[in-house]
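*Asks:* Sequence:
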Amino acid sequence: MTDVLERISNWHICPSAFRARNDAHGIVTQLIDILNRVSQNTTEDDPACQREYERIITLPGQSIGSFYVDLCERLSDEINNAELRCMFPAICNKSIEWDCNYGSGDEFLPKIGELIYAIDSDIDTLSSNSYHATLRTKIGLIGYTSSGKTSLMCRLLGLVRPEPNQFFPVRTTKSTYYPLQYDRPDPLINPYDERTSTAVTFVDIQGSDRGNNISSSGFAAGNYLDEIRKADCDIYVIVFHEDLDNDQYQWMRFIKETMNRRYVLVRSNVDHSFLRKFREKSGVCYGMSSIEERNKFSLPTIAGLRSDFEVDDHDVYLTASDYLPDSTDAVLLLQNEGTQPFDLQQVLDELGRLAPSARHLRVQTLAIRSIARVINSCFRCGYVLNVMKYKIAGGIAAVIPYGDKLPRYLARNSVQEAFGITENFLQYLKHRQISVHSTDLQTLVFQKYVNLSVTPRKGLRLNKGGAGPAVAGIAAVGGSLIDDIVRGAIPALSGGARVATGVAVIGTGIALSAGVCAWSAIKTGKHIFSYTNELCDDLIIISSALVESMPQEQSN
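For the sequence shown, this note's numbering begins at 72 and goes up steadily by one.
Any given hint could be a false lead.
Under the rule of at most 25 Å between Cα atoms (straight-line distance), these lysine-lysine pairs were calculated in the DSS-like manner [said to hold, decoys possible]: (1) K367 - K348; (2) K209 - K348; (3) K501 - K519; (4) K182 - K519; (5) K301 - K327; (6) K501 - K182; (7) K182 - K597; (8) K327 - K348; (9) K327 - K209.
Think of the hints as simulated: they come from the structure by calculation, not from any bench.
All chains, please: the whole structure from these sequences, using the hints.
*Replies:* Here is the structure:
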């Protein structure tokens, strides 16, 4: 506990983290005080200490432990933010610069090119220094309550026979209510390339109560898939001691297909099954058997267990509940680690093999997350354009059929210019030869400059509103025609001059009701905001593809 206190006391980060640090400092200091009092005075009133403990970790009027959970969540957020600031200083500096002053219209400051170049610079720096090598891969352990996750993590951390106060409690009931993270002192070694080592952090994620089925809607806040997602680990170890059920298979699919992460299957408490089957095969208890009998029956017994616990297309590793042997037979089986017929070392080897690529994926994920954060906070805002002039132009242009298409086209062009989507940037994308799934792009801006992984979707993606198919089709043709006219007629103009020119081209010779003009103005404003959001979505997709195209790290 004092190590934790020392670490959080050395933070030098933002004010919100400072408040979290102070809260953490306070709660740790109070808990240490209770621990010292109990240790020094065995007559200390246990119920009084328990009440004080509950008061310290609980927010007033809320459930027990609410303050602890809230603090853990805040600390977790600040740790993630600190990790981003450390890994991507250039992009974080851009975010700070733009957050302080967006500008607007022709003075809109955030530019996508500067953002991409910043992330490129940060990743180049990561690849050339030692921080990338020390970035820890997060390995989460998940499973049902009392499935043996914590005991297995002790073994993976290298705690062979810990002292009673050396690590967290292991209980037969739920013992983890928030993901607990522990750094492994020694890195994991890739068994296929011993030059490649990876620092790892193991995360003990709270167990799921068996029978508390995932909702029929699949992923939803509050169910176990949400716990898996929030832990945000690079690799997951699924620990189980009974046959896998539908919920556990859904965890696997979620990790693999939705999170795009890897998982390892570990069958725990195999020593109990081993001892039972050994007795069935040999006719004698393990503790009473001779060396010859153990040599004869151990391997067939293990082979039978592997057959019983097979999972299609995935290895299952067998481990023992090393810390809680429940019989003299189990003690004898587990006391000589070198002769144990179980798979702890194989689990470590498999994690060591997966960890380097998981670390690379983590860098990519953090890069994408940081760039998406900047796009969402700095680009996706209401200050990109002076929308009012386009709304006025849209209202005036509504006097002729499809006339309101012109201000909308000009606004889209102006949004692109404000974001810095220049010809130079588009040619940069073309040079990078990135691939994007065509159905992911919501606008046509980038389609000529990236490789589309499938044939573009046929038909036009229109917000038809209440219009029927025929009206929507005519509107699409009209809109396309107006776009072509504008491209040919006013290529050299920009900003307010193009809006004025567009209105002059349309003319005001046809008088319509004020209601129609007002409706057109509102629709023009909504179109601009909708297009801005669609373009931001496309920028995130393009940025993600750029990050994913960066080469794998070199072996250490």
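*Asks:* Now, for every hint given, state plainly whether the structure supports it.
*Replies:* Results for each hint:
no. : hint        : verdict
1   : K367 - K348 : holds (13 Å)
2   : K209 - K348 : violated (36 Å)
3   : K501 - K519 : holds (8 Å)
4   : K182 - K519 : holds (20 Å)
5   : K301 - K327 : holds (15 Å)
6   : K501 - K182 : holds (18 Å)
7   : K182 - K597 : holds (23 Å)
8   : K327 - K348 : violated (34 Å)
9   : K327 - K209 : holds (16 Å)
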